[in-house]
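Colleague: Heads up: the protein sequence lines correspond to chains U and V, in order. Read in the UniProt record's numbering, the first sequence has 115 at position 115, and its numbers run on one by one without any break. Read in the UniProt record's numbering, the second sequence has 242 at position 242, and its numbers run on one by one without any break.
The reader is advised that the hints may include incorrect statements.
Not everything, but these chain U residues come out facing chain V in the computed CB check (under 10 Å) [claimed, not checked]:
(1) Asp72
(2) Val126
(3) Glu133
(4) Leu135
(5) Ser144
Pulled from the structure, derived: some chain U residues nowhere near chain V, Cβ distances all over 10 Å [said to hold, decoys possible]:
(6) Ala71
(7) Gly73
(8) Thr74
(9) Tyr75
(10) Thr76
(11) Ser124
For the record, the hints were derived by calculation from the structure and aren't laboratory data. For each residue, glycine too, the CB sits at the ideal point set by N, CA and C.
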Amino acid sequence: MAHSTRRRTLGLMSGLSVLVALAACGSADAATEDDAAAGGTQSESQTDAGDTGTAGAGTDGTAGSSSGEFADGTYTAEGSYSTPGGEESISVELTVTGDVVSDVTVTPEASGGNAARFQEEFASGVADEVVGEDLAGLAVDKVSGSSLTGDGFNAALDQIRADAAA
Amino acid sequence: MPRPEATTSFDAIGTRWAIDTPEPLPDAVLQAVRARIDRFDRDWSRFRDDSWVAEVARGGAGSYRLPDDAGPLLDAYDAAARCTDGAVSPLVGRALEGLGYDAAYTLRPRRDDGGALLTAPAPDWRTAARRSGGTLTLDEPALLDVGAAGKGYLVDLVSGVLADHGVGAHVVDAGGDLRVVGLGAGAAAGGPLTVALEDPRDTTRALGVLRLTDGALCGSATNRRAWGPGLHHVVDARTGAPTTDVLATWAVGGSALAADAAATALFFAEPDLVASRFGIRYVVLRADGSLRWSLGLDGKVFA
Chain U
1 MAHSTRRRTL
11 GLMSGLSVLV
21 ALAACGSADA
31 ATEDDAAAGG
41 TQSESQTDAG
51 DTGTAGAGTD
61 GTAGSSSGEF
71 ADGTYTAEGS
81 YSTPGGEESI
91 SVELTVTGDV
101 VSDVTVTPEA
111 SGGNAARFQE
121 EFASGVADEV
131 VGEDLAGLAV
141 DKVSGSSLTG
151 DGFNAALDQI
161 RADAAA
Chain V
1 MPRPEATTSF
11 DAIGTRWAID
21 TPEPLPDAVL
31 QAVRARIDRF
41 DRDWSRFRDD
51 SWVAEVARGG
61 AGSYRLPDDA
71 GPLLDAYDAA
81 ARCTDGAVSP
91 LVGRALEGLG
101 YDAAYTLRPR
111 RDDGGALLTA
121 PAPDWRTAAR
131 RSGGTLTLDE
141 PALLDVGAAG
151 KGYLVDLVSG
161 VLADHGVGAH
171 VVDAGGDLRV
181 VGLGAGAAAG
191 GPLTVALEDP
201 RDTTRALGVL
211 RLTDGALCGS
221 ATNRRAWGPG
231 LHHVVDARTG
241 APTTDVLATW
251 AVGGSALAAD
261 AAATALFFAE
271 PDLVASRFGI
281 RYVVLRADGS
291 LRWSLGLDGK
301 VFA
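The task is simple: from the sequences and hints, build the whole structure.
Modeller: Listed below in structure tokens is the structure:
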């Protein structure tokens, strides 16, 4: 259980690192022992966020449980990376519920200029196994999904189903 | 815009349209809207044999004078082809026909003796076609299909017709592809349009709710316009086969053309690359059930 949770988390975090690398031409990576993406630095919230020379212990270490499993709660980590405009940072927040990462949020903390603009444009969230909410309970004006299909298409589909059933 | 607004609904180009306006739409404006849609259909539909697209398909390789409105639409395809390594292409018409999505809605794919789908790559939009001025030159025969961006573009064109007739605030909805104009002027204007993102795996559920005051939201998913297991309309031009990695995408942008083209490109490319090329924000649901979304979206994702 602990192992699968950890792997899922690594997948999420490496996804996030791609975003930051793309966004700012720098790199920030949730460094772990089996995540080989090079060049980034990541420090945990307990450590000095500005310690850019040291790779962090990885997100599973952040949970801090001796068994290696996550305790329920919200975990925050700071990441920093170099840009031509200077040092920039992001904040990564993980929410853990029932030993599963239920939410990941990346918050840009760029000081200004292009880095702030890029971070704002490209920061993204990632979640696995999204469940969603009941549509009937939402007060909305519209619903967007795949285009509703016209009568001709639906009639043809009905014909195929009838043929298949015959 | 006070709600409920006046809504005008009709069917065109194979989908349901709804136009929301503060006042009932005058007949003359509705006629202008319908005429614009009809003109687009006569040019770009591959489902009628008197269209420009059908004429090009019959003519084979050669040069053709483009419809007057082709520029922005094909520019969007150029951008989508570049950021998806050719996966998005307006030359996928024959591939879709081979899968059964043809003018007669045969919906029966070509298969080999073992039952496997018979697919073939579509001509590469980046190399097999060239545009110069108002002329399109095809090096090989091709059936155009502008399903990836055409509907969004038409939503923009209809929005433009409304603006030309003095209908300032409006919502144009073509089967869930939306262009919103003028809902940003505070509570008196009715506030933002709220839009639920339908979960393609269970259409009674929503993956999020977005707000729009000015701009466009387009979505694409493989659950509708689907006619069998693995048979749907989002085709990879490089293989000619329906794509499988992504279930649904949404893009929010300034124009419905950009949002629609981006929504298709999001099936095939790194989302942030698509976001930068089209100036959009996105939500992507992958086949493994994971969700990725731009934090800059106005709204909430239920993740």
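Colleague: Would you mind marking each hint as holding or not holding in the structure?
Modeller: Verification of the hints:
| no. | hint | result |
| --- | --- | --- |
| 1 | Asp72 | violated, 17 Å |
| 2 | Val126 | holds, 5 Å |
| 3 | Glu133 | holds, 5 Å |
| 4 | Leu135 | holds, 5 Å |
| 5 | Ser144 | holds, 4 Å |
| 6 | Ala71 | holds, 21 Å |
| 7 | Gly73 | holds, 18 Å |
| 8 | Thr74 | holds, 14 Å |
| 9 | Tyr75 | holds, 17 Å |
| 10 | Thr76 | holds, 15 Å |
| 11 | Ser124 | violated, 5 Å |
Violation of the numbered hints given earlier is confined to hints 1 and 11; the remaining hints are satisfied by the structure.
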